[in-house]
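Participant: Given only the sequences and the hints, what does the whole structure look like? Please build it.
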Amino acid sequence: ILNVEQSPQSLHVQEGDSTNFTCSFPSSNFYALHWYRWETAKSPEALFVMTLNGDEKKKGRISATLNTKEGYSYLYIKGSQPEDSATYLCAFEPNFNKFYFGSGTKLNVKP
Amino acid sequence: DTGVSQDPRHKITKRGQNVTFRCDPISEHNRLYWYRQTLGQGPEFLTYFQNEAQLEKSRLLSDRFSAERPKGSFSTLEIQRTEQGDSAMYLCASSLAAAGDGYTFGSGTRLTVV
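Protein sequences, first through last, are from chains A and B.
Once you know that position 96 of the first sequence is 96 in our numbering, the rest is easy, because the numbers rise by one and skip nothing.
Converting from the second sequence to our numbering requires adding 1000 to each position, the first position being numbered 1.
In case anyone wonders, no lab produced these hints; they're calculated from the structure.
A portion of the hints provided could be inaccurate.
What the hints assert, rightly or not - Below, a list of computed lysine to aspartate or glutamate pairs in the DMTMM-like style, where the Cα atoms sit at most 25 Å apart:
#1 A:Lys42 <-> B:Glu1044
#2 A:Lys106 <-> A:Glu15
#3 A:Lys106 <-> B:Asp1086
#4 B:Lys1057 <-> A:Glu5
#5 A:Lys106 <-> A:Glu56
#6 B:Lys1011 <-> B:Asp1086
#7 A:Lys58 <-> B:Asp1101
Facilitator: This is the structure we're talking about:
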C-alpha cells in the first residue's frame, strides 16, 4: 500500500485569506498526481491533473505545483471565499489508472 | 449523459443483512472503479473493471463483498452479512482507459450498519 499524506488535516481561514495545502507521495514510479475538490453531499470534482515535474496549473484563484523528484504537490487558494469550503483530496497515480488517495484537507472559510 | 450515478444515496441496514449498491458510469467509459471511504480517511481502492472483466480486487475486499459488471455498463457491489465495520461511503468512478484524464466520480452511497 502506497502512503499518500496530506497536510494539514483541516484548516479554518477567514474570507480573503490565501492558503495552501501539501500532498506528499512516494517519489519513485510516478505517472500523475490529481487534485479533487469534494463538497458535502456532492461528487468529488476534478481540479487538476499534473504529470510533469515542475508543472504548474491554474484555475481561477486556485493553482497547484508539482515536484516529482521530492514527491510533493502544493495546492494554493488565493483570496479564499466561503464557497471554497470543501475537502481537497489528492490522488497519486503511480501506474496508469490506479489511484492512491490522501485523507484530504478539510477547508472551512468563514465569511 | 449526466455523469456517474449511484443508487441508493443512503442505506441503513441491520447487521447481518445483505445490501446491494448500483453504479451507472458515463456511457463511453470502459473502466469502472469502486472505492470505500471511512471517517477521517481518504478513499481506498476496492476493485475495478475494464468492460465486463474484473481486473483487480483489493485485499480489503473480503469474501462477503462481490462486484459485477455483467454487460460492461452498470455495476453492482453486494455486501453479504453486513458488519458494523462496513459502515462507510462507497464511491464509484469511471474513466476512459488511455485518456489519462483521471476519474469521474459518483456522489457515493453512504452505508450505515446498525
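Participant: Return the numbers of the hints above that this structure violates; sort them in rising order.
Facilitator: Nothing - there is no hint that the structure violates, so all of them hold.
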